[in-house]
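With the hints as extra help, turn the sequences into a complete structure.
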Amino acid sequence: MNNNRNFMCGVSAAMVLALVAVPFAAFGAADDNAKAKSPLMSIKASPYTERPVENAESVAQGKAIYDKACTYCHGLEGKGDGPAAVYLSRDTAPRPRDFTAGIYKFRSTLSGELPMDEDIFHTITKGVVGYMPGFVGMPAEDRWKVTYYLKSMYAEFKGGMPESITVVGGPIPGTAVSVNKGYKVYTKFKCWECHGGGGQGNGSKAADLKDDWGFPLPPRDLTRLNIYKNGSADIDIYRSIMAGLDGGAMPSYADFFAGEEENVWHLVNYIRSLSQ
Amino acid sequence: MNKDMCVRMTGAVLLLGLCSYANAYKAVEVSNGGVITGTIKFSGTPPANPKLEITKDKDVCGKSLTADYYIVGANGGLQNAVVTIENIDSGKAYDKKEIVALDNNKCMFSPHVTTAVQGQKVGINNLDPVLHNTHLYHGEKLKTMYNLALPLQNKVIKKKMKRAGVVTVKCDAHEWMLGFVYVTSNPYSVVTGADGSFTLKDVPPGSYKVKVWHEKLGEVTQDVTVAAGGSATLNYSFGN
Amino acid sequence: MCAFADAEYEQLTKDKNNSLLLGKPMNNYSISYKLTSVLVLNLLTMFALFIALWVVEIKNADAVPAFARKYDVTCNSCHTRQPRLNPYGQKFLENGYQLPGTADGGRKEKHLLGGEINGATLDDLSNLVAFRLRADIQQARFADPAVTESSEDPNIIFPNIVNIFVAGTLMEDLSFFGEIEYATQGGEAPALRFERVFMMFDNLGGPQVASVKIGNFDPSAMYSFPTHRQQLNPIAPEASTDKFPPAINRIPLLPLAFASKMFGMTRGPSYTTASTTSPTGGVNTYEPDNQTDGLSILPFEPMFYNAPAQTGISVHGRPFGNSFLYQVGVVQAETAEDVPKTSFDPYIMLRYDRQSQFTNFQASSFYYIANKAARAALRPPPPTPFAGNELVFAQQATDWTRMGIAARWQSRSWDVYGTYIKDEIDRPMFGNATLDMSKWETSGSGLSIEADYLLTEKWLIGMRYDMMKTGGLSELPPGLQAGDPRINQDASFLGLIGKYYPHPNIGLYVRYHQNLESSVKLPTAGFGGAEHPATNLESMMTVGVDMAF
Numbered sequence: 001m002n003n004n005r006n007f008m009c010g011v012s013a014a015m016v017l018a019l020v021a022v023p024f025a026a027f028g029a030a031d032d033n034a035k036a037k038s039p040l041m042s043i044k045a046s047p048y049t050e051r052p053v054e055n056a057e058s059v060a061q062g063k064a065i066y067d068k069a070c071t072y073c074h075g076l077e078g079k080g081d082g083p084a085a086v087y088l089s090r091d092t093a094p095r096p097r098d099f100t101a102g103i104y105k106f107r108s109t110l111s112g113e114l115p116m117d118e119d120i121f122h123t124i125t126k127g128v129v130g131y132m133p134g135f136v137g138m139p140a141e142d143r144w145k146v147t148y149y150l151k152s153m154y155a156e157f158k159g160g161m162p163e164s165i166t167v168v169g170g171p172i173p174g175t176a177v178s179v180n181k182g183y184k185v186y187t188k189f190k191c192w193e194c195h196g197g198g199g200q201g202n203g204s205k206a207a208d209l210k211d212d213w214g215f216p217l218p219p220r221d222l223t224r225l226n227i228y229k230n231g232s233a234d235i236d237i238y239r240s241i242m243a244g245l246d247g248g249a250m251p252s253y254a255d256f257f258a259g260e261e262e263n264v265w266h267l268v269n270y271i272r273s274l275s276q
Numbered sequence: 001m002n003k004d005m006c007v008r009m010t011g012a013v014l015l016l017g018l019c020s021y022a023n024a025y026k027a028v029e030v031s032n033g034g035v036i037t038g039t040i041k042f043s044g045t046p047p048a049n050p051k052l053e054i055t056k057d058k059d060v061c062g063k064s065l066t067a068d069y070y071i072v073g074a075n076g077g078l079q080n081a082v083v084t085i086e087n088i089d090s091g092k093a094y095d096k097k098e099i100v101a102l103d104n105n106k107c108m109f110s111p112h113v114t115t116a117v118q119g120q121k122v123g124i125n126n127l128d129p130v131l132h133n134t135h136l137y138h139g140e141k142l143k144t145m146y147n148l149a150l151p152l153q154n155k156v157i158k159k160k161m162k163r164a165g166v167v168t169v170k171c172d173a174h175e176w177m178l179g180f181v182y183v184t185s186n187p188y189s190v191v192t193g194a195d196g197s198f199t200l201k202d203v204p205p206g207s208y209k210v211k212v213w214h215e216k217l218g219e220v221t222q223d224v225t226v227a228a229g230g231s232a233t234l235n236y237s238f239g240n
Numbered sequence: 001m002c003a004f005a006d007a008e009y010e011q012l013t014k015d016k017n018n019s020l021l022l023g024k025p026m027n028n029y030s031i032s033y034k035l036t037s038v039l040v041l042n043l044l045t046m047f048a049l050f051i052a053l054w055v056v057e058i059k060n061a062d063a064v065p066a067f068a069r070k071y072d073v074t075c076n077s078c079h080t081r082q083p084r085l086n087p088y089g090q091k092f093l094e095n096g097y098q099l100p101g102t103a104d105g106g107r108k109e110k111h112l113l114g115g116e117i118n119g120a121t122l123d124d125l126s127n128l129v130a131f132r133l134r135a136d137i138q139q140a141r142f143a144d145p146a147v148t149e150s151s152e153d154p155n156i157i158f159p160n161i162v163n164i165f166v167a168g169t170l171m172e173d174l175s176f177f178g179e180i181e182y183a184t185q186g187g188e189a190p191a192l193r194f195e196r197v198f199m200m201f202d203n204l205g206g207p208q209v210a211s212v213k214i215g216n217f218d219p220s221a222m223y224s225f226p227t228h229r230q231q232l233n234p235i236a237p238e239a240s241t242d243k244f245p246p247a248i249n250r251i252p253l254l255p256l257a258f259a260s261k262m263f264g265m266t267r268g269p270s271y272t273t274a275s276t277t278s279p280t281g282g283v284n285t286y287e288p289d290n291q292t293d294g295l296s297i298l299p300f301e302p303m304f305y306n307a308p309a310q311t312g313i314s315v316h317g318r319p320f321g322n323s324f325l326y327q328v329g330v331v332q333a334e335t336a337e338d339v340p341k342t343s344f345d346p347y348i349m350l351r352y353d354r355q356s357q358f359t360n361f362q363a364s365s366f367y368y369i370a371n372k373a374a375r376a377a378l379r380p381p382p383p384t385p386f387a388g389n390e391l392v393f394a395q396q397a398t399d400w401t402r403m404g405i406a407a408r409w410q411s412r413s414w415d416v417y418g419t420y421i422k423d424e425i426d427r428p429m430f431g432n433a434t435l436d437m438s439k440w441e442t443s444g445s446g447l448s449i450e451a452d453y454l455l456t457e458k459w460l461i462g463m464r465y466d467m468m469k470t471g472g473l474s475e476l477p478p479g480l481q482a483g484d485p486r487i488n489q490d491a492s493f494l495g496l497i498g499k500y501y502p503h504p505n506i507g508l509y510v511r512y513h514q515n516l517e518s519s520v521k522l523p524t525a526g527f528g529g530a531e532h533p534a535t536n537l538e539s540m541m542t543v544g545v546d547m548a549f
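Residue numbers (the numbering used here), protein chains in the order written: chain A, 1 to 276; chain B, 1 to 240; chain C, 1 to 549.
Among the hints, erroneous ones may be present.
[Stated by the list, open to error] EDC-like mimics (lysine to aspartate or glutamate), calculated; alpha carbons at most 16 Å apart, straight line:
1) C:458 to A:156
2) B:143 to A:156
3) B:201 to B:86
4) B:209 to B:223
5) A:188 to B:128
6) B:159 to A:255
7) B:160 to B:95
8) B:63 to B:53
9) B:158 to A:163
10) C:469 to C:441
11) A:210 to B:175
12) C:469 to C:424
13) B:155 to A:91
14) B:56 to A:208
15) B:26 to B:202
16) A:188 to A:261
17) B:162 to A:156
18) C:422 to C:399
19) B:26 to B:89
20) B:158 to A:208
21) B:155 to A:255
22) B:160 to A:163
23) B:121 to A:261
24) B:160 to A:255
I should point out that these hints are in silico values taken from the structure, not numbers from a laboratory. A quick note: this is a predicted structure, and the numbers were derived from the prediction, not measured.
What follows is the structure, encoded as structure tokens:
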């Protein structure tokens, strides 16, 4: 069953990953081409040949790593109830993820879908700016094992492949024309109602936004690119817009941008321009 | 089809999760079906619906709105209760492609309560000129199912109801908005009308557990026996 | 690394050259008009500070100190509230400034993105260097105003203490820590000096098996009631220990469980001034040079395992899973001045951890042996059977053993921790029939319990109870004058703190300490007609700021 899933995973991810010939950096302009072809991640995902097989043994090994590295925040049973959890944010979101709830913010899949393995691996690697350190120093193999263990906490991961967002096109040079188009998209699609006219997270609907756990979670101040929790590379922003951030208030725009994905890339340029 | 087999088949034909949504309900021809009718009531004085605090988009939403949690008619008929047969594996056919409408209308969900059969899609539309996001949650404990942006008017977004159970519908942008989609594994479900009455047709003869659910008043299960071609009655009264 | 050190301890124990004479004595604020004017001044200053920091907060909402900077996380990932560590921060510390469960050498993402770097990974300086800056305004109220001289200078210096930390990892499992402190305490000339400096070799023999710390470190860093990073910063005493008995205007305000607790103890005669022959026959007497610093041991001074920094080597690890932590170490002996410092003081600490929902409980105990750590002394007041100012030392330097237990329960917004520490010394003998009739208590004990509660994300309130059953000299020999402040008297204080964090790395606080011992004047004036030092301070109010960058 797991093999099937891995295989399926492999097929679909390989289709998109195979386009990436070289590792690419998140911020390097020279890597724009690579980014254009990169599907979903702003980091290098391990080749499938280097991933441990997902089986009971690797899950158990993942648990052992988890117990040493993750329990202080995410809790012994992965419910986000570790002893250090409250200090991160006592009265506000985000709290550490509850892996038993099966709700993941940072996905390259449609709203309501579970994340792909790569998404979880991506978050473990990069961390969450402001809250979770990136575990890039942990061997990739261990990060995969932890990924498998986290999946084992929620039964529905054993179902079929999650439905991925579609990535059409790629980053467009951030010319004035593109930024201007992006501004029009930002206006038409009412991003400003939450994120504010100037992108400072102070729109008319910004107040009272809460996450699934009832903690206040205001919209991101888009003028601060370096604190985007889901990453600040073009593809990261694209992903956030299309997939939404499940568990929080940010909805998925995938249905509205279907067929006009180019507008998303313009929007990405506009959003980036807010931080300049 | 057992689950393991299902998963194996999924893998084999690369059907993305289709199988796991398939329900056990089997559509058959019901020739001698009976009917369950009745009225769901609320006895006594229903709790007052709270005034909703409108904090945003007052030009569209209006300055004040009243919640529609308890709608009790003149005879105590309770609207927006859901009546559904729990234990029925086969019965009348239904249109799997039917789109269950769910509108954002003047910052309220319309209808407030609706039913859908597992596998059917809900068609979500925004009739207002402001941003809504329709946030559907599994159950009443608010675990995200879908969170969809509806920035433009009159574009219907269709989303499949993959699991049976109560789906809570909210809008993060407008905190007060609240609706429910009651998803069942069979087509024998109905929302009570303004007078609290309901009718479930084409029920194969047999003994059933029939559940009555209301968003605020909870749920209750009653035994109902339907004779071939007969008519069974289920009346229930919430409240005192 | 939102914060690391507690300078006041250094002030107390390390800085012998500077002595414990911490500047001009306090104002006598028991005179009411002065109290009022100073209070107004203080409040105005604090108000200005609040406004300034409020502005700072708006402009700079994401300032984060070094480790937080390095990993792009908030201070509160590792701190309950700065400077106190939460369980994750404790593990980070334990693992040699590497993320718990990893031996990553503190690598962060950009090394991967920018290409792997092999070997040393000294990256941005801002990821290694942090600052801690503290300032406060103190107002004390004394039972006996006669003790303190009056001064028009209010005790406002900004900043009081600046710490510069350089800490991080050089490579996998090799980390370092260095600390420079610049302190301007109580009007004293500013002093710049090194504090803790050490290297750590982590995860030797396997993950969590053994980490070795070498250098000048704080032994109690992993104890359940660590010396550093307290919400109620230690407040240095106003005392002079270069004479015997020590002149104590005001005792320090710190967890009294850590204090030496023994009255009548000295660091022994200095070699340079010691005369080995006794003019009084059989008794080793010495005439200490008044220039000799650090002679007396202040009964309120933190010592041994809980010292802020000691030179030595320590090994810790969790070879038996996550529940048990061991630590063994030796530090350079704190011997009496006249005992050669060739020996080492050994110690051992064991800790048990248990985690449950939103909760961490830990309990630890330690045992520390200080060889020939101190020497008891008597200075019989005239008229005595002995000549003038003669100071009489015990024949044997005493071994000093210390044991302690501590526990911490941290659950949701609560953080409760306490320690009980017991000290034992030998009964000093002076080889003189009269002096040997003095009474000594060979054990002392102390208790400190603190409870902190996070009211909101930005407000923390805390309370600490400190108690000390003192030991050492309890009664002078018959016929000798009594009422000497070196005679032991118990002490207990209650401390309250309210702390506001406009930002996780900036804490503004108001703090109050109340003496719980009744203030009873001793019958005779052994020391300038003064109150006993343990009871002379009635209360103390402090407002201050503690920030880390």
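To test your reading of the hints: which numbers does this structure violate? 1, 13, 20, 23
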